[in-house]
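Mind docking these for me? Both chains are given alone in their own frames, and the hints should help you get the complex.
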Amino acid sequence: MIKIAVYGKGGIGKSTTVSNVAAALSKQGLKVMQIGCDPKADSTITLRAGKELKTVLDLERAGAPYTLDDMVLEGFNGVICVEAGGPTPGLGCAGRGIIAALEKLEEKRAYEKFKPDVILYDVLGDVVCGGFSMPMRAGYADKVYIVTSGENMAVYAAANIAMAVENFKDRGYASLGGIILNKRDVEEEESRVETLAKDFKTEITGILPHSEYVPKAEKMGKTVIEAFPESSMAKAYAELAKALIK
Amino acid sequence: MQQTSSVISTYSADTFGVCSMLYELGGMVVMHDASGCNSTYSTHDEPRWNKIRSNIFVSAVTQMEALMGDEEKFITDVIAAAKDLNPKFIAICGTPIPTMVGFDFEAVARVIEARTSIPSIGVASTGMKSYVDGASKALLKIVKRIVSARNVSRETLEKSASKESDAAKRVSVLGVTPLDFSINGQDKSITSFLESKGYDVLGNFCMDVELSDIGNITSSDETLVVSAIGYEAAKFLKEEYDIPYEIGLPINGVLHKKITNDITSDKRIAILGEGVTSYSIALSIINTLGVKTVPIVTVDIAKDLLDRMNTVTETKHLIYEDDIKEELKNYDIVIADPLFRPIVGKDKAFINLPTECFSGRIYRKDIPDIVATSFIEDAVKKYL
Chain A
1 MIKIAVYGKG GIGKSTTVSN VAAALSKQGL KVMQIGCDPK ADSTITLRAG KELKTVLDLE
61 RAGAPYTLDD MVLEGFNGVI CVEAGGPTPG LGCAGRGIIA ALEKLEEKRA YEKFKPDVIL
121 YDVLGDVVCG GFSMPMRAGY ADKVYIVTSG ENMAVYAAAN IAMAVENFKD RGYASLGGII
181 LNKRDVEEEE SRVETLAKDF KTEITGILPH SEYVPKAEKM GKTVIEAFPE SSMAKAYAEL
241 AKALIK
Chain B
1 MQQTSSVIST YSADTFGVCS MLYELGGMVV MHDASGCNST YSTHDEPRWN KIRSNIFVSA
61 VTQMEALMGD EEKFITDVIA AAKDLNPKFI AICGTPIPTM VGFDFEAVAR VIEARTSIPS
121 IGVASTGMKS YVDGASKALL KIVKRIVSAR NVSRETLEKS ASKESDAAKR VSVLGVTPLD
181 FSINGQDKSI TSFLESKGYD VLGNFCMDVE LSDIGNITSS DETLVVSAIG YEAAKFLKEE
241 YDIPYEIGLP INGVLHKKIT NDITSDKRIA ILGEGVTSYS IALSIINTLG VKTVPIVTVD
301 IAKDLLDRMN TVTETKHLIY EDDIKEELKN YDIVIADPLF RPIVGKDKAF INLPTECFSG
361 RIYRKDIPDI VATSFIEDAV KKYL
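Chains as they are written, first to last, in this note's numbering: chain A, 1 to 246; chain B, 1 to 384.
Think of the hints as simulated: they come from the structure by calculation, not from any bench. Check each hint, because a few of them may be wrong.
Here chain B is said to cover these stretches of chain A; the calculated rule only asks that three of the stretch's residues, wherever they fall, bring their Cβ under 8 Å from a Cβ of chain B [said to hold, decoys possible]:
#1 1 to 9
#2 127 to 134
#3 196 to 202
Taking lysine to aspartate or glutamate pairs in the EDC-like style, the calculated list, with each CA pair at most 16 Å apart, reads [as the list claims (entries may be wrong)]:
#4 Lys108(A) <-> Asp70(A)
#5 Lys169(A) <-> Glu246(B)
#6 Lys348(B) <-> Asp332(B)
#7 Lys169(A) <-> Glu72(B)
#8 Lys108(A) <-> Asp304(B)
#9 Lys169(B) <-> Asp200(B)
#10 Lys169(B) <-> Glu246(B)
#11 Lys169(A) <-> Glu106(B)
#12 Lys169(B) <-> Glu210(B)
#13 Lys3(A) <-> Glu187(A)
#14 Lys88(B) <-> Asp221(B)
#15 Lys303(B) <-> Glu218(A)
#16 Lys235(A) <-> Asp199(A)
#17 Lys51(A) <-> Glu218(A)
#18 Lys292(B) <-> Asp262(B)
Just so it is clear, the structure is predicted and the values come from calculations on it, not from any experiment. Here a beta-carbon is modelled for each residue, glycine too, at the ideal position from N, C-alpha and C.
Bound conformation, chain B alone (with noise of 0.2 Å):
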């Protein structure tokens, strides 16, 4: 069957990335949706949800409000919601029935900040894409948002950031969520991981960090683009404020940016998953151990940023299982999800690389932190 995953999983929906990456942040998120299966989100299906406080809801449209276009009845809930939390900023976010009917979920959250006078956005969130293009859009909303409220103009920013010229370079990394990095403490071995260059690290956006964090987002010297998510917040603060921006997820302690070894094995490795960690992971493998590495993205990414990396290094976008597992014949090794495994020749060496995005809590357990230790390293040297 053509454009579908009958053995394989999916990845998280759109909705999904918009929540995630707004969980920790202090606000109150509502999925437009007749509930179903968004409501599992809003209960326990959020990595972080016995740790760490967060208000995410779902409005439970009828057909009957779709139909007739009973806004009204949306917005007067979510505004009712909001004087009891009192959160810091509303996001409203869509599913396949507002995408239906057309819903503006931008125009419905200004009416909502223009009665609430709290800081509100809308992100039109189909429940049809993947949670990397709902993420996305959610940072660069919030972003957007925060930072235009505080109204700072390149100029300021510049008179500001005059500091003495051995203070620590400021940096960013965007496109962080459990989804990406799960929970075991990733986040911060990125952080480290920087720290270790001399870097003060402004924040993971957005783990562990909150919403006057991306307040100050705009004093980085600069941002790192450690997944596909990030990508399009870089560019804006790249467009907007000048700051660069670098892509790249650093592998057991070392971030590589282009190809400084030969190969010298004859084995070929795919690595499957985001792209921005596939990318990384491959740099890694040909960097230190000499070996063809293909990252072969399998969810949404930017086409610009794909041609990026395929500056660097040749890296594959195929997203339909039918192309995936026609691909995967032509390697030895493949780095993957278990959930990848069913599609992989029985002849194939498999590394198992679970993430939350794909294969939920099942192999939480065995997520490995692969920015601060040599798991890819070790992993792929007991195949050569």
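The following block holds chain A by itself, in its conformation from the complex (with noise of 0.2 Å):
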């Protein structure tokens, strides 16, 4: 089973390239779940059709009893979705509810019942507390990817996740797998997230072209995988996707 966490600043485009990475996956024949650990519960967006799917929290949160299968909902090409859910906005805690649902899929045994080839983990933002750090925990992720473009803010983003990654070197937490350069044509955008990657020992795993058929495919409630699966973009997503199970 290969568990991989994605992180990166807000709005960079974490959900979109981790449900495309998931679909072009799901192409390749392996069983992908996907579980997006952000309140909004927006990551599988793109994989489900249009159909709802409950948030961990909000299952929780009902007080009544529910089962695994009400947790899960399989989205394009069998790909599992989850949502982890947060609490009310502007109230509680999102971090330590993070923790709860991914403790509450456990004890499930979603990971047994499923049997994943690839899980992927897309979370929130940057690593603001111990809540966001749970995804790349001892028994969640083995491999931290950072999802970063060439602006200023996200390559400091960046550059605060790797270092978090970097500090938890000895907790036995996930190591960083790598970076992934979603292109926003910015000047000289390759050279700085390669010299971002040089600082921290890592390596560039997969540029994406900043393309049209992105938000043509969001504005379509899908993928790009789905649909425009033979696009430049989704050949770039497919090849993303490989060297990340390489």
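Here you go:
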């Protein structure tokens, strides 16, 4: 079982990237589980064809008994979708919520039942507190990948995340697998991200070009892999997917 | 009120279960907490506090340390104390504050072990579960940690286990703490019972045993689970080392494994408390007196363990006061800790069976040795 956590600055395209990678891996014949670790609960939206998925924490909040099947939804090409969810906006503790949600998945034996070949944790923004480091803890992801563009704020956030991974190395947490460059076509983009990768002794695992197919597919509520399977962007996602599980 | 205990007591918390399980093993146990109520465990709540020396600490975490994720302070303090005390192992466990800030006990234990070279375990107790949960996790963790350190494979064990066919079978007793068995010698009665049946007892885990005894636990021919606390460790030893296990506590010198008697009385008895003890007492009463007896487990129990018990005799799991009170209307005789008495109807016969996990030391002198004596049978007979 390959377990990957994807981090990166808010709005950098993590969920889009992860969903397309999940779809591409499923096309390669692998059983994929995508777990959205964001209170907004929109990680898997383009895989679900408009179908509603109750978040783990919403099920908990309701207080009624629920089963593993209530927590998951089989999306595009059999991708198993899970959304951790979060507390009422402005209240509670989102980080602790992620911990509780992932513990519930384990408690309900989600990994044993579905036996996915690949688990993708799509994690909100930065590693702001203990809860958001949960997906990289022992027993969860083995590798962390960071999505960034060449923009200053994205590189800064990526460096912070890479630093957190580095700080956790004696805890037995996931190690840094690499950087995913999601291009915004800013100046010297590749060289800036190459420098970042070099600083953290890692490499750029994949480069995603800035493409009009991404917003078009999102508008259709689909991944690029589903909506435009023959496009150059779909090929870029498929290549990235292969590189991630190599 | 739903899901509350407004009249009856509550069970000892998981944090205490961790401390109690590890108390005699020569380690250093640190509760990560702001002190408060948990500090009383580190001073005098532990039943063995004035008889056996043990290193139990509270970290005294502050609000700012918790908020700022200053785990280094905790790690440094633990390491400093360990350097002074040179414990055989270090265990760190949790309470509500570290739980809420997502403190990773296993990871911090790995850091402490890397810096001290002392075997370390982290038990993510929350202070919000029962002692069964905490003690069960602590036993499983320490067994896994010590056994894995010895790096003993199943094949090696099979070779070393080759012995004379008439040699005594080695048994380890799992799930023994004063929270269930007090300090009145019941642990020794379990040993005496097993020895009288020809067993070589490797130890009662964990009373009157040392850390090195845990290292030898994989040489057991079988294990005996005498409380729900021992169940997860027994399953681990079965899965990893193919050591079979039996579930049950000997009562008055007999380990009842199934129902062997018909119900001949029209009375109904409820026995409240920890799962394996209640189940074993129920089987004993049914088999010796022919009275319908239902174990009502009033504290944590693994669902698969409960299911196993239900295949032998009807066993209920009720943890809320209102549910227990309602259920007890169906019985003539209730056997329970005296602190359950206020929710039992006055028309019912009540047999006191105090336990440290529910009423602490209040009734300690009245806690019977049900393993070696006919206390249960004698008490029930009075009401038949």
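Here is how each hint holds up against the structure:
no.: 1; hint: 1 to 9; result: violated (count 0)
no.: 2; hint: 127 to 134; result: holds (count 5)
no.: 3; hint: 196 to 202; result: violated (count 0)
no.: 4; hint: Lys108(A) <-> Asp70(A); result: holds (11 Å)
no.: 5; hint: Lys169(A) <-> Glu246(B); result: violated (41 Å)
no.: 6; hint: Lys348(B) <-> Asp332(B); result: holds (5 Å)
no.: 7; hint: Lys169(A) <-> Glu72(B); result: holds (15 Å)
no.: 8; hint: Lys108(A) <-> Asp304(B); result: holds (14 Å)
no.: 9; hint: Lys169(B) <-> Asp200(B); result: holds (6 Å)
no.: 10; hint: Lys169(B) <-> Glu246(B); result: holds (14 Å)
no.: 11; hint: Lys169(A) <-> Glu106(B); result: holds (14 Å)
no.: 12; hint: Lys169(B) <-> Glu210(B); result: violated (21 Å)
no.: 13; hint: Lys3(A) <-> Glu187(A); result: violated (33 Å)
no.: 14; hint: Lys88(B) <-> Asp221(B); result: violated (26 Å)
no.: 15; hint: Lys303(B) <-> Glu218(A); result: violated (44 Å)
no.: 16; hint: Lys235(A) <-> Asp199(A); result: violated (29 Å)
no.: 17; hint: Lys51(A) <-> Glu218(A); result: holds (15 Å)
no.: 18; hint: Lys292(B) <-> Asp262(B); result: holds (9 Å)
The structure shown violates the earlier hints numbered 1, 3, 5, 12, 13, 14, 15, 16.
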